[in-house]
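Spelled out, the chains give:
Number of protein chains: 2
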Amino acid sequence: MKKITIAIISITILALMGMGYQQYQNRLPNQEDDEKMLRKIYDNALLHSDSYENLRYLCKRIGGRLAGSPQAAAAVEWGKQTLQRLEVDSVFLQPCMVPHWERGEKEQARIISKLIGWEEVNICALGNSIPTPEIGLTAPVVEAKTVAAIADMDVKGKIVFVNNPFDHKHMDTFDAYSGCVGDRYEGAPMAAKHGAVGFILRSLGHAIDEFPHTGNMAYEEGIPPIPSVAISTKGAEYLSKIIANDDEASFYMKLNCQSYPDKPSFNVIGEIKGSEFPDEIIMVSGHIDAWDNGEGAHDDGSGVVQSMDVLRLFKDIGYQPKRTVRCVLWMNEENGTRGAREYLKVAKETKEKCILAIESDRGGFAPRGFFIDADSAILKNRFAKLESFKKILEPYQLHIFQEGFSGVDIKFLKEIGTTCVGLVPDSQRYFDYHHTANDVFENVNKRELELGVAGMASLVYLVDQYGVVLEEGKKD
Amino acid sequence: MKKITIAIISITILALMGMGYQQYQNRLPNQEDDEKMLRKIYDNALLHSDSYENLRYLCKRIGGRLAGSPQAAAAVEWGKQTLQRLEVDSVFLQPCMVPHWERGEKEQARIISKLIGWEEVNICALGNSIPTPEIGLTAPVVEAKTVAAIADMDVKGKIVFVNNPFDHKHMDTFDAYSGCVGDRYEGAPMAAKHGAVGFILRSLGHAIDEFPHTGNMAYEEGIPPIPSVAISTKGAEYLSKIIANDDEASFYMKLNCQSYPDKPSFNVIGEIKGSEFPDEIIMVSGHIDAWDNGEGAHDDGSGVVQSMDVLRLFKDIGYQPKRTVRCVLWMNEENGTRGAREYLKVAKETKEKCILAIESDRGGFAPRGFFIDADSAILKNRFAKLESFKKILEPYQLHIFQEGFSGVDIKFLKEIGTTCVGLVPDSQRYFDYHHTANDVFENVNKRELELGVAGMASLVYLVDQYGVVLEEGKKD
Chain A
1 MKKITIAIIS ITILALMGMG YQQYQNRLPN QEDDEKMLRK IYDNALLHSD
51 SYENLRYLCK RIGGRLAGSP QAAAAVEWGK QTLQRLEVDS VFLQPCMVPH
101 WERGEKEQAR IISKLIGWEE VNICALGNSI PTPEIGLTAP VVEAKTVAAI
151 ADMDVKGKIV FVNNPFDHKH MDTFDAYSGC VGDRYEGAPM AAKHGAVGFI
201 LRSLGHAIDE FPHTGNMAYE EGIPPIPSVA ISTKGAEYLS KIIANDDEAS
251 FYMKLNCQSY PDKPSFNVIG EIKGSEFPDE IIMVSGHIDA WDNGEGAHDD
301 GSGVVQSMDV LRLFKDIGYQ PKRTVRCVLW MNEENGTRGA REYLKVAKET
351 KEKCILAIES DRGGFAPRGF FIDADSAILK NRFAKLESFK KILEPYQLHI
401 FQEGFSGVDI KFLKEIGTTC VGLVPDSQRY FDYHHTANDV FENVNKRELE
451 LGVAGMASLV YLVDQYGVVL EEGKKD
Chain B
1001 MKKITIAIIS ITILALMGMG YQQYQNRLPN QEDDEKMLRK IYDNALLHSD
1051 SYENLRYLCK RIGGRLAGSP QAAAAVEWGK QTLQRLEVDS VFLQPCMVPH
1101 WERGEKEQAR IISKLIGWEE VNICALGNSI PTPEIGLTAP VVEAKTVAAI
1151 ADMDVKGKIV FVNNPFDHKH MDTFDAYSGC VGDRYEGAPM AAKHGAVGFI
1201 LRSLGHAIDE FPHTGNMAYE EGIPPIPSVA ISTKGAEYLS KIIANDDEAS
1251 FYMKLNCQSY PDKPSFNVIG EIKGSEFPDE IIMVSGHIDA WDNGEGAHDD
1301 GSGVVQSMDV LRLFKDIGYQ PKRTVRCVLW MNEENGTRGA REYLKVAKET
1351 KEKCILAIES DRGGFAPRGF FIDADSAILK NRFAKLESFK KILEPYQLHI
1401 FQEGFSGVDI KFLKEIGTTC VGLVPDSQRY FDYHHTANDV FENVNKRELE
1451 LGVAGMASLV YLVDQYGVVL EEGKKD
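Taken in sequence, the protein lines are chains A and B.
Here the first sequence stands for residues 1 to 476, where the numbers follow this note's numbering.
Here the second sequence stands for residues 1001 to 1476, where the numbers follow this note's numbering.
Simulated from the structure, these hints should not be mistaken for laboratory data.
Each hint should be verified, as a subset may be incorrect.
[As the list claims (entries may be wrong)] Okay, derived cross-link-like pairs now, DSS-like style, lysine-lysine, Cα gap no bigger than 25 Å in a straight line:
| no. | chain 1 | residue 1 | chain 2 | residue 2 |
| --- | --- | --- | --- | --- |
| 1 | B | K1353 | B | K1036 |
| 2 | A | K391 | B | K1390 |
| 3 | B | K1169 | A | K169 |
| 4 | B | K1169 | A | K390 |
| 5 | B | K1040 | A | K390 |
| 6 | A | K169 | B | K1391 |
| 7 | A | K345 | A | K80 |
| 8 | B | K1390 | A | K169 |
| 9 | B | K1036 | A | K380 |
| 10 | A | K390 | B | K1391 |
Assemble the whole structure, with the sequences as input and the hints as a guide.
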């Protein structure tokens, strides 16, 4: 009897190994139907998506759309109308107040040195910066490798230039960004604290080019605000060389940016009601505001048009979700996240049950997978559940399933128990465009954009079918 | 006793499953050292590669370089000099005769119809096409959806337009290309056989744009050659609409391309001699010829500079391979593969033992994995061996390990027992550039190009360490 038992156990195990244990483990209950549905989703996205033409409109007819600007208002109206044309079950605006900062006229800057006379360089004001005097600001310029190093330097009455380049060794370029983005927030306060009169940041990108990268900065209470700009990477390399050879070099900058009182604005929301569990929300999202110096094509027009297109796609293939599929176009991701904070506030009041939120905000490049996040008490369970979809998604080149940062807007929803997912496209080109005049429609590829729609729709479909909770073992 | 045995077996199995059976199975003998070496390879490629600046030179200073052209001769000389500067163990040229076809003056074309008068459209001659008469060729134009459909049409005295668009549903865009590229070779002979006087191919790409795609075509013996061109996809859509509304529409084309006698040329070869097994060759390669209408940046300047950079990288990190690492820059991939055929001939004569050949010829995009091929008698074994490297390469986003087509040049080497590997980058943008005026340096991203260098170097390193034969079970 025992021999037979051993034999049976052995055969079972060998069989399991033969067919691939992993494969066996991850086979979905309705795998064949699901495979057909995913193929349908991809076919539809690659043949019938509106995302690319919607992006063209948003970029070319509306353009840069920072919160509080006329263009942001136009984008809200366009988002609402575009969702309404899909004839989804409801479309509405969620009000929120947003900060309002304007760049004003194009910035000017010169490196002034006895070595060269002067040379114009490309800069842009960092978001929230105060302007220079109308005549501009000219002062000796000193270079710091890091923000921390400023503390040990004599910067009184000077302009501080932090020249901390991207670390090229990271596979994921967002890791390089993470290593430098703190400088954008902490640089000016640190410099001002030690008496500096202006702040220059090396643009946050890999390429050595002429495009300065904007992005938000902040002042600290009790420390005087100073004009703060980013210089293009090419300009940064040049400025660094001049400083190294002329310790009397100075810098001239002229900004006439301005902060205005908060303005009313909106998150734009559209949804298809669930047939069985209408109270359970699966969210797809991107942010509708964008920096004013480009067209906000990758950041984040792509996420906006992809999210809207998920609703179009389900309508078009006749898929009626069991749960409510909601598209949210966030307002003010770039300089305040007021839309996301307002959404959270309302969601808490209404005890909203948002089981899954996806944000596409890493550019409209070819998708490679998902970063998954949730409150630490449930993360392991939710990750395991979503990872069980990996096998069925891998044929669509979605290989990356990792615990990781989800998205600037949806991260707040962890507080209400939401599983938060960032769509992860290939990251290599993102920081060639991010927050620059180069973030334009022409730099988005139609197929790459559409594959993002399909990837998001596929994950929504699977969660609509199977939920986000791994029941096995009841780990929650 | 039996209970204990069962318990031990069970525990072992559970442990194996716990740590991931797959992971256990694929752990390399010197995994930790290998991981360190791969990190070193990636760091070097991302920080110190010459590939991008080499590509700039090849594209901007030499440009399009079809076999037999002065530019091809310049590219050979540049390839040799650039390899010599690396101070590798030997650099040499392998002579071969190549076809010589020249496009001549820029092509001209008009759609002529009573509906519109006439409209200029963008065309380019297909490689190997005969010219039109000096005054141009004007004839009624008819549309066929497929080449096969021509047989049932009245095409006598007419120009045949085959309007077979890419199938957008494929994940891998090369599958869409495979579905249409036959038209480029078979279209003109089929049309001529039925009495047509000219042939127009819809360009082989996804995007609707103004860039016609060239590429080689062939005539068949006994069938009169007819002028053969590709029309841009935008032009194709327009021509199709005109034909649908005017069955008397005609087409005017003027080509003055010309075939000349074969010319002498060369494969360019450089290598680092192996310290233990110098007779075993691991090859990295790309083709140095490129179509004349662009700069051959993705096709295949990228493969050329990546292959050269693998040698630079090993020298730079001080890695002395056990086997010989050989860089081959193939001549005449685009219209004859004479370089590859000559290499095979010599390799057979010298009984060369090339154990692995990699070709990078799918563009300089972010690498996603490898397609693996070999003679059918050994394929399963070699595939299993290379797939055992998957786990260690996945952190570098090399996820795709599939049996599949390797490369146009290296495929010949299957005859001498070589395991042939195609580097597989993300394919979504390739056919926006392929064989067009748009295949220029500016459309290659530095990091994506460098990741290809690192991916190739990593695989070369692993094969240098472990060979290509899976010993386990001696399946060969």
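Now the hints, each set against the structure:
A threshold of 25 Å between alpha carbons decides the hint, and for K1353 (chain B) with K1036 (chain B) the separation of about 29 Å lies outside it, so the pair is violated. About 16 Å separates the Cα atoms of K391 (chain A) and K1390 (chain B), which keeps this hinted pair within 25 Å; it holds. Of the pairs offered as hints, the one joining K1169 (chain B) and K169 (chain A) is violated, with about 35 Å between alpha carbons and a cut-off of 25 Å exceeded. Note on K1169 (chain B) and K390 (chain A): the hinted pairing holds, with a Cα-Cα distance of about 21 Å set against a maximum of 25 Å.
Taken as a hint, the K1040 (chain B) and K390 (chain A) pair is broken in the structure, with Cα atoms around 30 Å apart against an allowance of 25 Å. With a C-alpha separation of about 20 Å, the suggested pairing of K169 (chain A) with K1391 (chain B) holds against the 25 Å cut-off. The hinted pair formed by K345 (chain A) and K80 (chain A) meets the criterion: a straight-line CA distance of about 22 Å does not exceed 25 Å. Taken as a hint, the K1390 (chain B) and K169 (chain A) pair is honoured in the structure, with Cα atoms around 21 Å apart against an allowance of 25 Å.
Distance restraint check for K1036 (chain B) and K380 (chain A): the Cα-Cα separation of roughly 29 Å exceeds the 25 Å cut-off, and the hinted pair is therefore not satisfied. For a cut-off of 25 Å, the pair hint linking K390 (chain A) to K1391 (chain B) stands: about 16 Å separates their Cα positions.
Checked against the numbered hints given earlier, this structure breaks hints 1, 3, 5 and 9; the rest are met.
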